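Enquirer: As a plain string of letters, each chain reads:
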Amino acid sequence: MPAKIETFTPAAQRSRYWNRYMETLPRAKLDALHLRKLQLLLRYAYEHSAFYRATFDKAGLKPGDVRSLDDFKRKVPFTDKKDFVHLQQERPPYGDTLAAPFELLAHHCETSGTTGVPLAIPYTMYDTERYGESWCYAFWALGIRPEDTVYFAFNWGNFAGLWSTYWGVRRFGARVISGGGADTKGHIANILRMKPTVLCATPTYALRIAHAAKEMGHDMRASSVKFVVGGGEPGPFALPALRQALDDAWDARSCDQMGIAEIDAFGVGDAGRNGVLVNEMNVFCWSIDPDTMREVPDGEVGENIVTSYVNSAQPLINYRTHDLVRRIPGGADGRTWTRFEGVILGRTDFMITVRGTNVYPTAVENLIGEVKGVSSHYQMILSKEGPLDQMEIEFEPVKGIGEAAWPALAEALARHIHAALKVRIDCRAVPVESLPRYELKTKRIVDKRPKELRRALDRF
Amino acid sequence: MLKPAEMIARLRRARRLVHEIHVGTDIPQIQSILRHADQNLHWALWNLGEIDELRPDLPGSVKPAARAKPKPGARKRAKKR
Numbered sequence: 000m001p002a003k004i005e006t007f008t009p010a011a012q013r014s015r016y017w018n019r020y021m022e023t024l025p026r027a028k029l030d031a032l033h034l035r036k037l038q039l040l041l042r043y044a045y046e047h048s049a050f051y052r053a054t055f056d057k058a059g060l061k062p063g064d065v066r067s068l069d070d071f072k073r074k075v076p077f078t079d080k081k082d083f084v085h086l087q088q089e090r091p092p093y094g095d096t097l098a099a100p101f102e103l104l105a106h107h108c109e110t111s112g113t114t115g116v117p118l119a120i121p122y123t124m125y126d127t128e129r130y131g132e133s134w135c136y137a138f139w140a141l142g143i144r145p146e147d148t149v150y151f152a153f154n155w156g157n158f159a160g161l162w163s164t165y166w167g168v169r170r171f172g173a174r175v176i177s178g179g180g181a182d183t184k185g186h187i188a189n190i191l192r193m194k195p196t197v198l199c200a201t202p203t204y205a206l207r208i209a210h211a212a213k214e215m216g217h218d219m220r221a222s223s224v225k226f227v228v229g230g231g232e233p234g235p236f237a238l239p240a241l242r243q244a245l246d247d248a249w250d251a252r253s254c255d256q257m258g259i260a261e262i263d264a265f266g267v268g269d270a271g272r273n274g275v276l277v278n279e280m281n282v283f284c285w286s287i288d289p290d291t292m293r294e295v296p297d298g299e300v301g302e303n304i305v306t307s308y309v310n311s312a313q314p315l316i317n318y319r320t321h322d323l324v325r326r327i328p329g330g331a332d333g334r335t336w337t338r339f340e341g342v343i344l345g346r347t348d349f350m351i352t353v354r355g356t357n358v359y360p361t362a363v364e365n366l367i368g369e370v371k372g373v374s375s376h377y378q379m380i381l382s383k384e385g386p387l388d389q390m391e392i393e394f395e396p397v398k399g400i401g402e403a404a405w406p407a408l409a410e411a412l413a414r415h416i417h418a419a420l421k422v423r424i425d426c427r428a429v430p431v432e433s434l435p436r437y438e439l440k441t442k443r444i445v446d447k448r449p450k451e452l453r454r455a456l457d458r459f
Numbered sequence: 000m001l002k003p004a005e006m007i008a009r010l011r012r013a014r015r016l017v018h019e020i021h022v023g024t025d026i027p028q029i030q031s032i033l034r035h036a037d038q039n040l041h042w043a044l045w046n047l048g049e050i051d052e053l054r055p056d057l058p059g060s061v062k063p064a065a066r067a068k069p070k071p072g073a074r075k076r077a078k079k080r
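Listed in order, the protein sequences are those of chains A and B.
Counted from 1, the first sequence has number 391 at position 392 by numbering that gives the first Met the number 0; the numbering is strictly sequential.
Counted from 1, the second sequence has number 69 at position 70 by numbering that gives the first Met the number 0; the numbering is strictly sequential.
In case anyone wonders, no lab produced these hints; they're calculated from the structure.
Since the model is a prediction, treat every value here as computed from it, not as a measurement.
Think of the CB as a built atom: it goes at the ideal place given N, C-alpha and C, for glycine as much as any other residue.
Honestly, I wouldn't trust all of these hints.
[To be verified] Distance ranges between label pairs, derived from CB positions:
(1) A:Gly271 to B:Ile26: 28 to 34 Å
(2) B:Ala8 to A:Pro25: 20 to 26 Å
(3) A:Gly179 to B:Ile7: 38 to 44 Å
(4) B:Met6 to A:Pro76: 34 to 40 Å
(5) B:Arg34 to A:Asp332: 52 to 58 Å
(6) B:Ala36 to A:Lys3: 46 to 52 Å
(7) A:His415 to B:Ile26: 54 to 60 Å
(8) B:Ile26 to A:Ala53: 38 to 44 Å
(9) A:Pro145 to B:Ile7: 23 to 29 Å
The following block holds chain B by itself, in its conformation from the complex (with noise of 0.2 Å):
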């Protein structure tokens, strides 16, 4: 089983995922599915004691997703091929 801050980070993950698919397209149904889809993400993530916002259908409700920090010798490993 999953323990919660396990269930919390995949379920932010998901919420960034719902949101590029909801700015990236123009179609209306699937921007309303999006939207219920993203309500009961946020809805999740309430009842698993995560409270950023009250209502996820706000302006910057969805976090843009952080920058993963670069694993050491990620770079040199980069400009190596």
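Next up, chain A with everything else stripped away, as it sits in the complex (with noise of 0.2 Å):
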């Protein structure tokens, strides 16, 4: 056997925080260091980025023209995703938005594309460590320690999310275990074989795993299995029934962390498991009432609008984000963080999550109404079943079409939505004039799932 050895010192080793300096930092120097960062970020930006030195100049903004965070809050003009996405369809790949020499770019990501196309995310290999950071402060906090064995139970495709998991993992220098082109029994196979320690996978699939182990005669409370990590989908801070279901099918500690894919992993779990700390090293928050425009207080819910110092490639400023957060001042622990209590609590633009994945359901509403026979009266029903999300289109068809042809029709509109979300949704055709009418504003969306297990303030 191989003489261990320690990664770390002893007294690295009792330390409560991965960087006692930084997330302890008092309000007043954190700020201090956040406009430093601001005033780097946007002289940065106006130098190196066609996108960001025409905005500021149609604003009649300089970058010296910011001397406080007010200044910052008030003068910069907002970004928004669809601001992105336009340049980069004009000139793929990422047009005016690129603010690196392309002999930089070390990794090219995509946002999940649920709005219709998706971002791309060029990043250099520096602007990976930095995101891949935001990881291991939570790693620290939780109790994951470098000699724990991480298995990613994804498939690797373009996802930001998973590629800064992976970041993160080898930053802190625990051994990474890819589950890539497993199905749910390979990955259950995988685990009892390989025995990883902690499991990285969107929360509601870490239950299906654990689920089906049950019905194959494996109990994964007895497994390797010590933290499940989630993402990508309102997870175990945001949703205490969720986290105790994750606890009880793995018997472990379930944890979360919260990010958006071309930004950074910036929400951080830590002990706590209340909400998830604002990573400040990495980006600047603050919120506003997206109808006002105008900042809203700590502790009132708003908008949360980042900017990101770690995205040389692609720097994102004053970025509208469309997720509704409560910014609570401080985290536990002495940590001085902004804590986001309960996570994201909803959405500004009706965004919903569906079996991992983030769907809009204005982007169905299209869809639905580009299949010939389906008529425009249609509801969309989201239920749970067991850990699932689950969305199901109930449509009539357009008049004159016999009950026959219905479950072909009802497939064409399932394929079709597929083809464009890469999600799976349930359709079934009812009877004329079975759905109920509405005089004013025509309710479109039943939810169904049992309220704990709701986010707080999804407009539905």
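Once you've looked at the hints, go ahead and assemble the two chains, each given alone in its own frame, into the complex.
Expert: Structure (structure tokens):
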């Protein structure tokens, strides 16, 4: 047996923090650092990005005009994903959004494309290292250590969230086992054979693995897994019932990390397992009322506006996330970073999560309208089947289509949605004029999920 | 334990050394390794609150070594030698 090598000195091993200086920095000093970083970033973006130069010039803004955080909030224009997607479509792959020389690009990721066209996300090597670091704060706070082994129950596509976890595990020094290519049974066999101590999966899929294993006669509570790390959908630090279900299914500590693919995994989970902390070394966040566009104070729900310091290839400045959050100053355990209580409370643009995939009902609605034979009378029904969110579409066929043709019509609609959004949604034809009609605003979405498993402010 | 200011001074010195070797070699492998080393040193400084530039691979991102202030009497002693 090779001799054990200590990755950290005994003093470092005893540390409660990944970086005690920065995680406990007093607010005034933290804000001074933010201002310094924002000033550097504005200058960098103005000098290196055609998009930002044009945007700032149009607003009459010079980087030197920002002398305080208030200046930054008031003077710097908001950006939105659709601006970037538009520019990338004009001149693929990155158009005027690129701010780093092409030869420095080391990794290409994309958003899931649930709104239509995916956003391309370029990273330099250094960007990937810094993005991954966000995970390390959480790993350390939760008790995961470099001697742990992380099993990835994912297929390896272009999804930034997954790759950032991988970058984080590499940076942290733990061992990686890829489950790429395996189905649920394959993951179960891999976990039993290779004995990882950390399972990384979307929370609902982690539950599905445990349930499937039980049906195969394996109790995953007796497995080697000590931590279940989730991401990609509302997770255990947002939904106490889900946290309990995961803890029970694996006899492990379930953990959460919140991120936005094109920004960073900046919502850091900690041992309190209540919401997430904003990684204030990597991003600057503040909140607005999406109707008035004015800043909302801490403690009130508002749209999270993020600026990332670590995406030098495609800077994101005053970026509208459309996520509703409640900012609470200071974390537990002496940490001073802002907490998002309840993680993401809802969306300003009605996004929901089905089977780990973000789905915009408006995108589904657009697709429904494209299938010949499907009328404009339909409703989307959200429910819970075991651990998974489900969406079913009930629609009325166009008058005159015989009942015998309904199953084929439903299948055609399901295939059309799957082809565009990569999510399988059950579709069912119902008799003409059987769905409710509304005089004013039509209620398209019926949420039948248990109350405790819904996000507080889902606008349904 | 070193204090943050002491860590920062040593990290800055390390970056200057890395830079010196980088410009002093024509071995691609060594240059590549040193580039990663410099990124990590920059990241260590960033995470100690030393924010000089956004990305370490920009021209001029490694500051030249500051001239050491001569100690009082040093010139005199040198002359004597």
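Enquirer: Would you pick out the hints that fail for this structure and give their numbers low to high?
Expert: 1, 5, 6
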